[in-house]
Amino acid sequence: MQHNHNRVAALSDKIEKITSESPLLCYQCGKCSAGCPIRDYMDESPNQVVRLVQLGFDDEALKSSTIWLCAGCLTCSSRCPQNFDLAKFMDAMRSTALHEGIEISEIDTVKFHKVFLNQVKKHGKMFEFGLARDYKLTTQNFLQDVNVAPEMFIKGKIGLFPHEVKDKKGIKEIFDKTD
Amino acid sequence: MRIGVFICHCGENIGRTVDCPAVAEAAGRFPGVAYAVDNKYMCSDPGQNLVKNAIKEKNLDAVVVGSCSPHMHEKTFRKACSDAGLNPYLFEMANLREHCSWVHEDIVEATKKAIDLTRIAVEKVKRNVPLEPIRVPVTKRALVIGGGISGIQAALDIANAGFECVLVEKEPSIGGHMSQLSETFPTLDCSQCILTPRMVEVYQHPKIKLLTYSEVENVEGFIGNFKVTIRKKARSIDDTKCNGCGNCAQKCPIKKKAFSEFDEGLSFRSAIYVPFPQAVPNIPVIDRSVCTYYQTGKCQMCVKVCGREAIKFDQEDSFITEDVGSIVVATGYKLYTIDKKLDDSEIKGYGEYGYGKYKDVIDGLQFERIASASGPTSGEIQRPSDKKTPKKIVFIQCVGSRDESKGFSYCSKICCMYTAKHAMLYKHKVHDGEAYVFYMDIRAGGKGYDEFVRRAIEEDHVKYIRGRVSRIYEENGKYIVKGEDTLAGKSITIDADMVVLATAMIAQPNASKLAQTIGISYDKYGFYNEAHPKLRPVEVSTAGIFLAGACQSPKDIPESVSMASAAAAKSLVLFGSDVLEREPTVAHVNDSVCAGCFYCQKVCAYNAIEKKEIRDRHGNLIRTIAYVNSGLCQGCGTCNAVCPSKAVELIGFNDEQIYAEINAL
Amino acid sequence: MKIGYYPGCSSSGTGKEYDISLRKVLNLLDVQLEELNDWSCCGATSAHATNHLLSVALPARNLIIAEDQKLSEVVAPCAACYNRLIVTQHELETNPQLEKETSELLGKSVRSGISIINIIELFVHIGKEKITEKKKNDLKGIKAACYYGCLLVRPFNITHFDDPEQPSSMEKIISATGAQAIDWNYKIECCGGAHSFAHKEIVVDLSRKIIDDARLHGADVIVVACPMCHSNLDMRQRAMKNHQEMPILYLSEFIGLSLGIEPKELGIGLHFISSDSLLEKVGSKE
Chain F
698 MQHNHNRVAA LSDKIEKITS ESPLLCYQCG KCSAGCPIRD YMDESPNQVV RLVQLGFDDE
758 ALKSSTIWLC AGCLTCSSRC PQNFDLAKFM DAMRSTALHE GIEISEIDTV KFHKVFLNQV
818 KKHGKMFEFG LARDYKLTTQ NFLQDVNVAP EMFIKGKIGL FPHEVKDKKG IKEIFDKTD
Chain S
38 MRIGVFICHC GENIGRTVDC PAVAEAAGRF PGVAYAVDNK YMCSDPGQNL VKNAIKEKNL
98 DAVVVGSCSP HMHEKTFRKA CSDAGLNPYL FEMANLREHC SWVHEDIVEA TKKAIDLTRI
158 AVEKVKRNVP LEPIRVPVTK RALVIGGGIS GIQAALDIAN AGFECVLVEK EPSIGGHMSQ
218 LSETFPTLDC SQCILTPRMV EVYQHPKIKL LTYSEVENVE GFIGNFKVTI RKKARSIDDT
278 KCNGCGNCAQ KCPIKKKAFS EFDEGLSFRS AIYVPFPQAV PNIPVIDRSV CTYYQTGKCQ
338 MCVKVCGREA IKFDQEDSFI TEDVGSIVVA TGYKLYTIDK KLDDSEIKGY GEYGYGKYKD
398 VIDGLQFERI ASASGPTSGE IQRPSDKKTP KKIVFIQCVG SRDESKGFSY CSKICCMYTA
458 KHAMLYKHKV HDGEAYVFYM DIRAGGKGYD EFVRRAIEED HVKYIRGRVS RIYEENGKYI
518 VKGEDTLAGK SITIDADMVV LATAMIAQPN ASKLAQTIGI SYDKYGFYNE AHPKLRPVEV
578 STAGIFLAGA CQSPKDIPES VSMASAAAAK SLVLFGSDVL EREPTVAHVN DSVCAGCFYC
638 QKVCAYNAIE KKEIRDRHGN LIRTIAYVNS GLCQGCGTCN AVCPSKAVEL IGFNDEQIYA
698 EINAL
Chain A
4 MKIGYYPGCS SSGTGKEYDI SLRKVLNLLD VQLEELNDWS CCGATSAHAT NHLLSVALPA
64 RNLIIAEDQK LSEVVAPCAA CYNRLIVTQH ELETNPQLEK ETSELLGKSV RSGISIINII
124 ELFVHIGKEK ITEKKKNDLK GIKAACYYGC LLVRPFNITH FDDPEQPSSM EKIISATGAQ
184 AIDWNYKIEC CGGAHSFAHK EIVVDLSRKI IDDARLHGAD VIVVACPMCH SNLDMRQRAM
244 KNHQEMPILY LSEFIGLSLG IEPKELGIGL HFISSDSLLE KVGSKE
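Chains as they are written, first to last, in the numbering used here: chain F, 698 to 876; chain S, 38 to 702; chain A, 4 to 289.
Calculated from the structure, these hints are not laboratory results.
These figures come from a predicted structure and were not determined experimentally.
Take the hints with a grain of salt, since some may be wrong.
The calculated label-pair distances, taken between Cβ atoms and stated as ranges, are [said to hold, decoys possible]: (1) E142(S) to G110(A): 34 to 44 Å; (2) E441(S) to D279(A): 45 to 55 Å; (3) F858(F) to M4(A): 32 to 42 Å; (4) S112(A) to E441(S): 45 to 55 Å.
Glycine residues also receive a C-beta, built at the ideal position from the N, C-alpha and C atoms.
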């Protein structure tokens with residue numbers, strides 16, 4: 698059992714490097730959490746995640762469902778009295794979690810993002826049918842949206858063939874260089 | 038010349054790094070130096086006696102002391118010189134401590150430097166001339182700007198000490214914001230009950246000249262000798278005839294056009310009105326922008342019912358000039374409003390709290406008026422929209438304060454206390470009501486303050502929730518308040534009947550303009566700057582002008598009263614002498630060299646450059662040149678720096694002296 | 004009037020009717036669209052949520068295309084595309100290190116100067132007078148709830164477009180059609196965004212609150228300016244239980260109705276939720 702709180706806030710420094718904003722700016726007023734539309738679904742409230750990072754509870758913060766359930770609606774950042782860009786902080790937390798191979802608490806969400814970006818990498822444009830198909834395959838959730846899919850086909854809202862960019866090489870290069 | 042040089046060891050402060058005996062020895066060989074010694078503590082009595090005795094015995098005609106900074110002991114040694122019969126301005130100090138021993142380590146180098154510094158001082162003092170301090174008379178009268186609690190306190194203190202005081206207040210009545218409050222923390226005294234006796238005392242005091250509905254137009258002069266022009270705005274009433282009967286206001290047909298400023302917009306007032314029943318003076322004012330007579334030429338109901346022919350429609354603003362020796366600035370504060378204010382493309386204010394569009398989302402002063410027995414609801418807590426009794430009130434602290442993004446970064450200091458007070462007053466009046474307070478911290482540092490807040494929580498069961506509110510919106514007549522309690526980590530949503538916002542205390546809207554008129558400095562928020570935040574809180578950098586109350590920074594009533602008495606005391610210190618002695622090291626214009634370009638006037642921060650006319654024997658104007666008012670000049674030397682013809686020089690620091698110092702190196 | 008056009012990925016898929024109706028309406032209002040050559044995906048949520056440099060490079064590629072085409076102004080009808088483009092532009096302007104990295108990656112430098120606008124701004128540029136002038140169906144009697152969503156009005160210091168808490172620009176455009184834009188409380192509340200796949204229940208909950216509030220304030224229709232919002236409010240309405248249907252229309256569809264274009268031509272029939280209740284009031288049928 699640790700008696701000394703001798704945690705080094707390593708994650709805080711990492712996040713600051715990415716966002717150019719110190720998590721120390723947050724004075725825990727809770728206005729972000731009060732206005733977050735997803736807050737009640739999260740395990741830690743948004744301000745609590747920042748607090749964990751401030752105190753050096755890096756693992757807990759990165760393992761929270763909060764960072765993945767954040768919808769990027771920017772309500773928090775636009776109302777924060779300290780002008781702290783919490784949405785950007787969440788982006789940085791997500792990319793750090795992925796980068797460090799942390800145990801992800803919201804697998805399906807990450808799978809969605811991976812599948813989405815894979816479609817973009819392959820075709821240059823997001824191919825919705827491919828997205829739905831691959832998402833179902835990776836999550837094994839075949840029953841979702843079975844009621845809307847046929848209608849979408851009939852209405853021509855989902856094509857079976859992707860629209861592709863001509864500069865496929867350029868797109869692939871972008872993905873390769875940013876990996 | 039026979040110059041005496043005295044090198045101080047300052048114990049170990051200088052002695053450890055500078056070889057003082059060596060410096061004294063070297064100084065003894067400087068041309069013009071008749072006597073040079075070193076001593077452990079020059080500022081001590083024996084040290085000073087050393088100087089005094091040497092002056093007499095060695096016939097010295099100038100003295101140089103190599104020791105600490107002139108800030109520390111220039112005065113000490115100058116006095117020693119004058120005690121011994123030597124003009125105190127035939128004295129120079131070489132700073133061997135702050136400029137030498139404290140910033141260097143190498144003894145050899147430091148000693149060399151100390152010798153150089155001493156040589157410089159010797160060369161300068163050779164060119165010093167004897168000077169006499171400038172003596173200015175002091176007008177033993179004070180001007181107090183602002184008639185709130187601070188201004189009232191300052192005026193009474195000055196007047197009770199036997200000196201005349203002019204009190205200028207821009208509103209029709211004195212009393213300020215304190216007169217709007219219902220009860221004051223932490224005692225829950227009725228605010229007007231403790232204030233109005235003082236207001237009356239001011240009105241009746243033989244030594245106070247009360248000018249209400251008046252504003253300061255112009256301030257000229259300097260400490261002990263200010264000339265202030267005051268605009269007496271036209272009330273449209275002959276105050277020598279009016280007896281305050283109130284018939285005019287009662288019978289005025291304008292009933293719903295103008296909002297009462299005193300009631301913070303929660304009630305109406307007539308066109309001819311007295312702001313509140315206990316107003317001092319109890320003389321009405323006509324608001325010409327809504328008065329039918331001024332708009333259309335008709336009505337004149339007030340004239341009909343006035344039994345004293347006191348209405349004077351053609352009255353105009355008048356100007357009076359007052360000569361005063363000191364000025365106390367006590368202009369108070371204003372509350373931040375959450376209305377949308379578009380400033381370029383920046384959006385200020387709180388759109389998430391409705392930008393002022395919800396009638397039942399009010400601010401602290403409005404709640405004071407509602408809770409006040411003399412207010413628009415006779416003290417009953419009612420919703421402004423439908424007059425119903427709210428069963429759930431949410432109080433939100435820090436609206437506009439501690440807010441980099443939409444407000445001000447500072448803390449407004451009083452809101453934690455008055456919110457607790459509001460919540461308690463509400464609970465005392467509506468026993469089955471629920472009060473919620475959203476807070477970030479509780480700042481209750483005064484005497485009995487923390488206990489007061491605990492009372493609200495423990496005895497009156499006010500529910501304190503730690504967290505800010507993200508948004509307020511209206512749904513079915515209720516106000517949905519979306520907040521968070523960060524301590525429990527829970528989102529808290531309340532359907533309130535009424536919301537009270539503790540908005541920031543900010544500077545008066547014309548604070549910067551008034552500051553420029555008076556000649557004092559202000560910070561980026563419009564609050565006036567004190568001379569030193571720790572040791573000179575009621576003075577400003579301009580001599581003779583003092584600050585009291587919230588115009589300097591947010592503060593509560595006891596602090597304002599203390600500060601007002603302090604400012605009054607400073608004025609009384611000034612009035613303690615008949616003449617004021619000022620440093621003679623001021624600028625001086627050589628008449629024959631000055632070309633009259635007035636670059637100096639443009640850069641003078643103290644308005645000390647005046648125009649002087651050179652006329653011939655027949656009175657014809659030859660030319661206009663610059664002239665330094667030695668009473669205003671602070672000796673900063675900026676004029677000297679910009680003068681293209683070197684016509685203006687600083688006495689005691691003229692070019693010859695400075696060049697001599699440089700050449701001595 | 005000519006303007007650059009960045010259609011966005013959903014313009015050929017779930018947001019098809021948005022593209023269709025916008026082109027029809029702009030044609031009637033004498034606006035020519037010049038589509039960006041070989042444009043690619045902006046990265047939407049998934050890029051910025053997982054990889055910062057990627058999330059900047061993808062929009063930057065399109066900014067370069069716009070510059071090469073010598074376009075001074077580009078409209079991006081999808082709010083997410085608009086937001087990604089304008090935020091990326093701002094980031095590149097203010098972060099020299101990032102600008103250097105991105106330029107190296109793309110082999111070309113992104114020079115600023117292009118104005119990225121959203122669909123509401125486009126109609127403001129066109130001017131409501133023009134809409135009123137070309138109006139054939141006066142939509143008087145229709146009560147419309149203007150839904151802005153998250154990414155049009157935030158972050159204010161970059162978009163500088165309308166009030167981030169109490170916007171009113173869409174309402175002014177709507178008034179040109181004769182319809183009444185109602186005041187309501189959920190104009191800028193999030194619909195759940197990209198959680199539609201992985202957390203459908205969040206989207207259904209949030210979207211329901213939006214629709215309920217619109218109905219509470221008397222709305223006949225909710226007007227949107229983003230295909231993600233449309234999908235969440237329209238397609239996901241099917242999953243809402245005990246729910247009275249509320250038509251969801253794109254701003255371009257709504258304006259198209261007032262300009263006299265047939266609902267079928269606007270693509271309104273492609274919605275999941277029927278707009279019949281609304282169209283009856285207008286006097287046309289789907």
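Hint check:
{"no.": "1", "hint": "E142(S) to G110(A): 34 to 44 Å", "result": "57 Å, violated"}
{"no.": "2", "hint": "E441(S) to D279(A): 45 to 55 Å", "result": "50 Å, holds"}
{"no.": "3", "hint": "F858(F) to M4(A): 32 to 42 Å", "result": "34 Å, holds"}
{"no.": "4", "hint": "S112(A) to E441(S): 45 to 55 Å", "result": "34 Å, violated"}
Hints 1 and 4, counting from the list given before, are not met by this structure.
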